[in-house]
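Chemist: Listed below are the residues making up each chain.
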Amino acid sequence: MTTTVVETWTEVPLVKFIAQSSARLVVVMTPAGQVLAQHGFTKAVDLMSAAALGAAIMASSGALAQQVGEPGFAALYHAGQRHGIHLAGCETPRGRLIVLTVFGRETSIGLVQVFFDEFVSALKQAAPADQPRQPILAADFEHELNSSLASLFRR
Amino acid sequence: MSDVFQHSLDRISRVRGVQGSMFVAAEDGLAVAQLLMAGVSGKVLAAFAASLARKASGAAAATGAGKVRFVQMQAAGGVLLVALGGELLVAVVADAGVNVGLARLEMIRAVDAAAAL
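Each protein sequence line maps, in turn, to chains L and F. With the numbering used here applied, the first sequence corresponds to residues 1 to 155, in that order. With the numbering used here applied, the second sequence corresponds to residues 156 to 272, in that order.
Hints are computed from structural coordinates only; laboratory data are not their basis. The structure displayed is predicted, hence computed values, not measured ones. Just so you know, even glycine gets a beta-carbon here, dropped at the ideal spot from N, CA and C.
30 Å max Cα-Cα, derived DSSO-like pairs, lysine-lysine: (1) L:K124 x F:K198; (2) F:K210 x F:K198; (3) F:K222 x F:K210; (4) L:K16 x F:K210; (5) L:K43 x L:K16; (6) L:K16 x F:K198.
Interface residues of chain L toward chain F, partial, derived using beta-carbon atoms under 8 Å: (7) I109; (8) L111; (9) Q113.
So these bits of chain F aren't anywhere near chain L, every CB distance computed over 12 Å: (10) R169; (11) Q174; (12) A188; (13) L190; (14) T218; (15) R224; (16) A231; (17) G232; (18) V255; (19) L260; (20) L272.
For reference, chain L alone in the conformation it holds in the complex (with noise of 0.2 Å):
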């Protein structure tokens, strides 16, 4: 399985994470679904399409806190027959990021949320400070996503 990085700081986080938790695939990105690590994935689409998918729920579940006078869900987590899903947001001092964990049954959500707690601690230690990220414009978008397509498979 490859672990591959947009944000070299997220690297040493991300891999002690998966080894503690046994989690299959992994993507941490921006609640825009910009990528900036991920695990597990071999194809651009896969990613780009969970990374989406992620982040919309991110978006839709949020709204949904507002309208019952929550700030905001931690996280969300999904159990299937062979599958769980584990999605949940962290502040570093680059910005906000969301993490989506897919796990099998060689372990459990107990384990991966324990390790989550951990990895986002790594993440806002590992964060460099002194670099706020800038917002994405319409405008760089296709290349922002071409040139993280690029450096997350090597392409």
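Fit chain F to the known structure of chain L by using the hints.
Modeler: Just chain F now, with coordinates in the frame of chain L:
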């Protein structure tokens, strides 16, 4: 249902040396009910107890040892005990000097009571 859990956890906590006990969903590693002393993380205990139970069961199955009923992990600073039932297991963290036999008896009673619900 929660009364059964609470009653079982109360009985386990009366065993000298027990620092915390909890019912854990075996499949998910999430706490269902817990009675813990300050400083014991229920989230971590639940996740690792379920993981330990799963791995011990896998090892027992691979070696033909049959169904695992009880796991005792002795460490320098204490002991982790896990009693396996059906969907729920009971995890206990205790001092190294705990009376394991008595704790085991109460834990097996607890998983049986939970299984009967």
